[in-house]
Amino acid sequence: MSDAAAITGDAHAHGHHPDLQHHFDTLEQQHEAATLGMWLFLVTEVLFFGGLFLAYMLYRVWYHEAWVAGSKELSIALGGFNTVVLIGSSLTMAMAVRSAQTGYRRATIGWLLGTMALGLTFLIVKVFEYKDKFDHHHVPGYDFHVDAAHAGIAGPMEIFFSLYFTMTGLHALHMIIGFGLMSVITWMAYKNRFSPQWYTPVEMSGLYWHFVDIVWIFLFPLLYLVDRTQ
Amino acid sequence: MSHIAPKSMYYTIFGILMVMTALTVFAAFQHLGVFNFPVAIGIAITKATLVVLFFMHAKYSSRLTKLFVGMSFFFLVIMFALTLTDYMSRGLKTYPGGAGGAGYGVRSAAPAHEAPASGAHKEGAAETAH
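Protein sequences, first through last, are from chains A and Z. Okay, so the first sequence: first residue is 77 according to this note's numbering, each after it adds one. Okay, so the second sequence: first residue is 460 according to this note's numbering, each after it adds one.
Calculated directly from the structure, the hints in this document are not laboratory data. Mixed in with the good hints, there may be bad ones.
To be verified - No farther apart than 20 Å at their CA atoms in a straight line, the calculated lysine to any residue pairs in the SDA-like style are these:
no.	chain 1	residue 1	chain 2	residue 2
1	Z	K525	A	Y284
2	Z	K518	A	E108
3	Z	K466	A	E121
4	Z	K518	Z	G529
5	Z	K525	Z	A464
6	Z	K466	A	Y180
7	A	K202	A	F157
8	Z	K525	A	E121
9	Z	K552	A	V137
10	Z	K525	A	A109
As the list claims (entries may be wrong) - Which residues of chain Z face chain A? A few of them, derived with a C-beta cut under 10 Å, are:
no.	residue
11	I472
12	V484
13	N495
14	I502
15	K506
16	F513
17	M515
18	A517
19	S521
20	M538
21	F539
The C-beta atom is built at its ideal place from N, Cα and C for all residues, glycine as well.
Using the sequences provided together with the hints, build the complete structure.
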């Protein structure tokens, strides 16, 4: 591998794949390193959300009554609809990665746009859910208010809604970041940057998107469902 | 380069995930008592496992990657297990009636409030009543 080629920026001069970085021997090795790095990042994400789930668990045991009352204020219809939408977006994402693997550029772009559309749908529904909480004064803060029947547990209910907004809010933030990633990936696909030999950005964005889906898979039953029969 | 799964696999997994979503909503309205919670968590863990294995290709990854996947779960279990053994066992020896009330145990130790659920947050209630 000649220094002259590196200096002039002529990466194609020494006959390997243009997307193979010089510190890797093969595309397979490079792909393995990227996958491992992405999973390591996801480990930190699991623990980041894990801390919030742990807080949820502890307060749920301490203030069970408030958890039941708070949970019943949430809409299963909207939450369930969003669950279907988000799992659907995981399917379209998986299909986008598969299309990139097999080198179908148009299909890759199509599935990515589908994923973005579903992600956007999720966020729009979330806006309506949040608006409902604002209308009912269920947003923690100076204007927080619960009906007379729950006046005795207003404090713990405020903790429930604090966790509700923190967890779903951070989840939504992850989705907005994911939407940004998808935009870049779609643009790269449009520019024909991917091939069956190199589609790493699509696959790594896919891992991230699926992780965000998994967080919601736990948020939905824990926030909306578990206390319905109490 | 890496494993290419058939399209049918993705559609099948999606179908199973949809069925399980319906199942968890259905189960939430059955009076299972203390089992409502473990059933909901069990279904969620199964769904998450399917996503990790098939959508995230963990099943077809190298052993090193699989180790990292398992690691996230391992550390999560450590965080939950060690923290909960502490909080859940508080009051076991000191508060009559014991286990159910990890929180009751904690709060009964605080002198200012009389007892369980509603008492502990009177100040919060007072602030928010308009």
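Comparing the hints with the structure gives:
The suggested pairing of K525(Z) with Y284(A) holds, with an alpha-carbon distance near 16 Å, which does not exceed 20 Å. About 14 Å separates the Cα atoms of K518(Z) and E108(A), which keeps this hinted pair within 20 Å; it holds. Using a Cα cut-off of 20 Å, the hinted pair K466(Z) and E121(A) is violated, with the two alpha carbons roughly 29 Å apart. Between K518(Z) and G529(Z) the alpha-carbon distance is near 12 Å, which keeps this suggested pair within the 20 Å criterion.
For the suggested pair K525(Z) and A464(Z), the alpha carbons sit about 18 Å apart, so the restraint of at most 20 Å is met. Under the criterion of a C-alpha separation no larger than 20 Å, the hint pairing K466(Z) with Y180(A) is consistent with the structure, at around 14 Å. Straight-line distance between C-alpha atoms of K202(A) and F157(A) comes to about 11 Å, which keeps the hinted pair within the 20 Å bound. Of the supplied pair hints, the one linking K525(Z) and E121(A) holds, its CA atoms being roughly 17 Å apart against a limit of 20 Å.
A C-alpha spacing of about 18 Å is found between K552(Z) and V137(A), which places the hinted pair at or below 20 Å, so the restraint holds. Our distance criterion of 20 Å between C-alpha atoms is met by K525(Z) and A109(A), whose separation comes to about 13 Å. The closest approach between the C-beta of I472(Z) and any C-beta of chain A is roughly 8 Å, which is under the 10 Å cut-off, so the hint is satisfied. For V484(Z), the interface hint holds, the least distance from its beta-carbon to any beta-carbon of chain A being 6 Å, beneath 10 Å.
With a least beta-carbon distance of about 6 Å to chain A, the hint placing N495(Z) at the interface is held under the 10 Å criterion. At about 7 Å, the closest approach between the beta carbon of I502(Z) and any beta carbon in chain A falls short of 10 Å, and the interface hint on this residue holds. A least Cβ separation of about 5 Å between K506(Z) and chain A falls short of the 10 Å threshold, and the interface hint therefore holds. Hint on F513(Z) holds. Least Cβ distance to chain A is approximately 8 Å, under the 10 Å limit.
The interface hint given for M515(Z) is met, as the beta carbon of that residue sits about 5 Å from the closest beta carbon of chain A, less than 10 Å. The beta carbon of A517(Z) is positioned within 10 Å of a beta carbon in chain A (closest approach about 9 Å), and the interface hint is therefore held. At its closest, the beta carbon of S521(Z) sits 6 Å from a beta carbon of chain A; the interface hint therefore holds under the 10 Å criterion. Here the hint on M538(Z) is kept, as its CB sits about 6 Å from the closest CB of chain A, short of 10 Å.
With a least beta-carbon distance of about 6 Å to chain A, the hint placing F539(Z) at the interface is held under the 10 Å criterion.
In this structure, the one hint that does not hold is number 3.
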